[in-house]
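> Sequence:
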Amino acid sequence: MLQRIVFTVCILQAVKIGVFSTTSDSESNICMDLIRKGGNIACEITGEGDYYDMSISNCWISCRNGSNRFLLPHQSCERILDPEYWAAYQYMTHELPPFGFQDCDNSQQKRLNDWVDEWNKYKQNSKTFFCNKLTR
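Numbering (mature numbering (1 follows the signal peptide of the UniProt record, and there is no 0)), first residue to last: -26 to -1, 1 to 110.
By construction, these hints were calculated from the structure, which means they are not laboratory data.
Check the hints yourself; a few may be wrong.
In the DSBU-like style, the derived pairs of lysine-lysine whose C-alpha atoms are separated by at most 30 Å in a straight line are [as the list claims (entries may be wrong)]:
| no. | residue 1 | residue 2 |
| --- | --- | --- |
| 1 | Lys107 | Lys11 |
| 2 | Lys95 | Lys84 |
| 3 | Lys84 | Lys101 |
| 4 | Lys101 | Lys11 |
| 5 | Lys95 | Lys107 |
| 6 | Lys95 | Lys11 |
| 7 | Lys97 | Lys11 |
| 8 | Lys84 | Lys97 |
| 9 | Lys11 | Lys84 |
| 10 | Lys107 | Lys97 |
Please read these numbers as outputs of a predicted model, since none were measured by experiment.
Make a model of the complete structure from these sequences and hints.
Printed below as a string of structure tokens:
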């Protein structure tokens, strides 16, 4: 219990002086850009237009002209702190901790880059599949 209190006090001080968040707004935009990029690919493959919106509570993206939903990578929509630290964070910043995609650290960027790469592979596979079907 003492460790938790000491950690919370340390985190409060870090938040108070602004060193807690290692990301800038431009880095946060990198993650949203990756989400849009992967979403556009997913929507294009299924013929549902382009990326339209993101549901944080369900952690999926939706397309402009369709009803399919595509899940985002794990931890993209989770808060960066465990719930037991939210009160301390909220006390210092007057808001809840950011979601993973908002904090957009290196591990989150890698996770989203891998997700986009995976959608690019699906896109290439679908082109190959349909082109082979047409030539038969």
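> All the hints need checking, so say for each whether the structure fits it.
For each hint, the structure was consulted:
1. Proposed proximity of Lys107 and Lys11 is supported: the alpha carbons are some 27 Å apart, at most 30 Å.
2. Distance restraint check for Lys95 and Lys84: the Cα-Cα separation of roughly 16 Å lies within the 30 Å cut-off, and the hinted pair is therefore satisfied.
3. A C-alpha spacing of about 26 Å is found between Lys84 and Lys101, which places the hinted pair at or below 30 Å, so the restraint holds.
4. For the hint pairing Lys101 with Lys11, the CA-to-CA distance comes to about 18 Å; that is within 30 Å, so the pair holds.
5. Under the criterion of a C-alpha separation no larger than 30 Å, the hint pairing Lys95 with Lys107 is consistent with the structure, at around 18 Å.
6. For the proposed pair Lys95 and Lys11, the alpha carbon gap of about 13 Å is at most 30 Å, so the pair holds.
7. For the suggested pair Lys97 and Lys11, the alpha carbons sit about 13 Å apart, so the restraint of at most 30 Å is met.
8. Restraint check for Lys84 and Lys97: the C-alpha separation of about 20 Å stays at or below 30 Å, so the hint holds.
9. Restraint check for Lys11 and Lys84: satisfied, since their Cα atoms lie roughly 14 Å apart, inside the 30 Å limit.
10. Under the criterion of a C-alpha separation no larger than 30 Å, the hint pairing Lys107 with Lys97 is consistent with the structure, at around 15 Å.
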